[in-house]
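Asks: Chains as they are written, first to last, in our numbering: chain A, 1 to 371; chain B, 1001 to 1274; chain C, 2001 to 2308.
Some hints could be false.
[Unchecked claim] Lysine-lysine pairs mimicking DSBU-like chemistry, simulated, CA-CA at most 35 Å apart: (1) K127/A <-> K77/A; (2) K1094/B <-> K74/A; (3) K127/A <-> K74/A; (4) K156/A <-> K74/A; (5) K2271/C <-> K1123/B; (6) K110/A <-> K77/A; (7) K127/A <-> K110/A; (8) K119/A <-> K74/A; (9) K1096/B <-> K77/A; (10) K2271/C <-> K1096/B; (11) K119/A <-> K77/A; (12) K110/A <-> K74/A; (13) K1123/B <-> K1096/B; (14) K97/A <-> K127/A; (15) K77/A <-> K1123/B; (16) K97/A <-> K77/A; (17) K97/A <-> K170/A; (18) K74/A <-> K1096/B.
Think of the hints as simulated: they come from the structure by calculation, not from any bench.
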Amino acid sequence: MPDAVAVSLRNVVKRYGTVEAVSGISLEVRRGEFLAIIGPSGCGKTSTLRMIAGLESPTSGDIYIDGQRVNDLKPWKRDTPLVWQNFALFPHMSVAKNVEYGLRMRREPKETRGARVAKVLDTVGLKALADRSVTQLSGGQKQRVGLARALVLNPKVLLLDEPLGALDAKISRSMQGELRRLQRELLITFVYVTHNQSEALAMADRIAVMDAGMIQQVGSPLDVYRMPQNRFVADFVGTNNIFSGHVQGIEDDRLLVTTPQGVFRVPAARRDGAKIGEAVEFVVSADRITTHMEGVAEENAVEGKITAIEVIGSVVSLFLELPDGYELRLQKSEQRVQGVALSIGDTVAASWSTQAAFVLPETTEANGLSG
Amino acid sequence: MDRLITYGYRLFILLCFTFIFAPILALVAFAFNDNRFPSLPWKGFTLRWFSQIIRDPSIVAAALNSLLVAICAAVIATVLGGAAAYCVTRWDFKGKSTYLGIVAAPPCIPLIILGLALLMYLKQIGLSGSLTAVTISHAVLASPFALGIVRMRLAEMDPNIEQAAWNLGANEWSAIRTIILPQAGPAFIAAFLLSMTVSWDEFIISWFVSGFSETLPVNIWHTFSAHVSAEVNAIGTVAFVLSIALVIVAQLLFFRLGRKGRRAPVLEEGDGNA
Amino acid sequence: MEFGIERKRVHTRARGDARLRTGSVTTPLRASGAAVVTGLPMLAWQTAFFLGAVVVLVLMSFWSLENFRIVHHYILGNWKDVFSSSLFRSVYVHTIWYTGLSAVVGVLLAFPFAYGLAFHVPPAVRRVALLLLIIPFFTSYLIRSYSWTFILADGGLLNRFLGLFGLRHFAFQGSLLSLQIGYLTYFFPLVTLVILLSLMNVDRSLIEAANNLGAGRVRSVLTVVLPSARIGLVFGFAFGFMLALGDYIAPTFGGSGKRTTLSVLVVDATKAGGDFPRAAAIAVIMVITLLAVLFAAFAFAFPRRRRV
């Protein structure tokens, strides 16, 4: 497990005029890891990336790359090539010349340049297009040129700003596989920014979730997916049903929580010293709820009317409206519901086990972290 | 009824264009007319007016002066205006509107007032009465056009590209040299050509600030306010041809070649290692 | 003013990332050698030669000419002379009349011209037309004016053409008509271009929508087109007036002794008498007049929005 720190952000703040895009974040990117920063539009993730690259300067705070403080270091002196969402290829140059550009700027001798360019083009699978003008390429090909252009420099840190955003789904998925493979092979530190959580969950070693200029949680994909630290992360990542209520009773290792949707049991492990009346929020992932039609009834049960059925590929999502208006979301693979007759308007009993619930460590205050 | 209205408009359009181009066409036609008076009747096709003007030393001298001034003024205008266009496109600063106001104002002042002011000023600092004065004045007049043209082109360019260049190790000058200039090149050339045209045809300011070295328009004015001659048609034809050629080339450069990278056939997605 | 402020507020309300993606190209200027090297030269040049010239012009109007030399003390005598001259006053009034007339006529003719090009010709023709409008702007106005004098001369094209129909010769030289033709030769293509560009911005689907809602053809045109056209019309008038006011060639070629304009006075003062102060004073009056007319025109075109 790589221990060294490639990039370190300490209390970095970025203000544009009166708007605070980044509100004091601290983050460490370990050498050789694939770190994804995810969050909704406007959360500050791209600003953060650009500050690492030197294209923006932090208003306050420090940025270190490989132990060196780089706040005042110009972008062209840093070793942090970027792969851009809209490719940013140089239109008047061929593929090879685009890829070669960084080496030229570093005064790499002509002889070795050619070989390095050829090698990296081979790696990304564009050898045959070396002399093609970049304006004639498809989106996926352009993105690979952008990637090659950055990789050829053997950088300390590779920055990627929503690189798959402009590609269609199929190409995007195959590129995800390629990116992951490349990163593992070359052991380059990747800092990958996206608003698409499935990309991050598929590729990253660690994920940092950002919102409103602050980091909400950093952890492995599994951590972030199954154990969100606060309401925002629970809402943003995965498909979670979030419940808010108060502690009504305490059993050995469980809490009895009363909510507008009913009284439920949640694991008490994370809430030692919980008091009666305390506010509690917990989440139940949509894929951990069963329906009575599947023949299993768990401890925590509710009843609701189906308001929508969504089928995307082999995943079926059911939306139940509970008596108090709460929308419960269930997610099942198609196989599970084959043979079960479900239609809009049906009343369904749904339930989940106590272990399926996860209590959020931080409770959202009235005007809390996000809304 | 609709058709009638459309035809009515088209007829009017035709009349308007006739009005606009009548002086140009008439002049060119009569330049080949073997008639001392630039008018009907048509007395036969001839090139003698052209040969006459080529052999007239004052006309040739004036034409060369105009050309020299045009090239120098255009160089200055393009460099000043082009650099300023980059500055204005890339940065935001307090007083930017004032900056643009000062820098782009000259074409908005009536030429005669501009000419008068420049005459007085250049006289005060001892520069008037020469081709240098004309060159300086034309650069003042033409550089806003250069600024506008280059600025338009820079605004179309993807702003990320310059940043991508920095990101890959190019400092500001390298990025300008390797990325901005090649891409905006046609616009610079268009700006240069248009500045040349502005200078080449400019009469009133030249008349005010030049001295014994005349530019062509001034020469035309002096020689032919005195008497009617068919030579002016020949000179005019040459002048028109040059101006029109410059404008058309500038237009082509700006709108066709300058657009590299905007329309391109897209290949099939596939493995480039075939 | 208000509009500009509104825009700015929206701008800063956008979140950090969103701002970057709206294509906001400019960055705030921090000390940068590149900025100075690229931005300063043009500023220096225009300040040195353009602003300097303007300053000298204004100063000159306060100096005076004595014994064929310019005397550098600041007096108002020059201005008094100018204002008290009845010739000046009459020429001033006539200039405003000729210039205003030409601008109005120019716009009246340019509007249907531009309208036809905007809505009654195919797009390919329009593109060619745009080029054809730009070209004359860059050819020598002096030479085109010369050409017109030949066309309008007694033995010239137009009279011969009329002669074919048995009409007698008109003395075009020195008439108001030839003066107006002269001004039009100067700015007609430009004014047409300005109006055409503003008309091309009109959303044609709005006209159809108006038709659908029951407005007659003329009415839908007026309600949809006119607001956009208004801007073009005002700019067109402004350009026309500005160019005509400062023009020397049209009144010299197409005018005559009784159609002197201010620009002719300026040239006479300068070339004939070397009376720079007088010429400067007239020039300053011209600029003030121009600014006043432009201000009035724009106030008419863009009335302040009332507070709700």
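Asks: Please name the hints from earlier in the document that this structure breaks, with their numbers sorted from lowest to highest.
Replies: The structure conflicts with hints 10 and 15, although it agrees with all the remaining ones.
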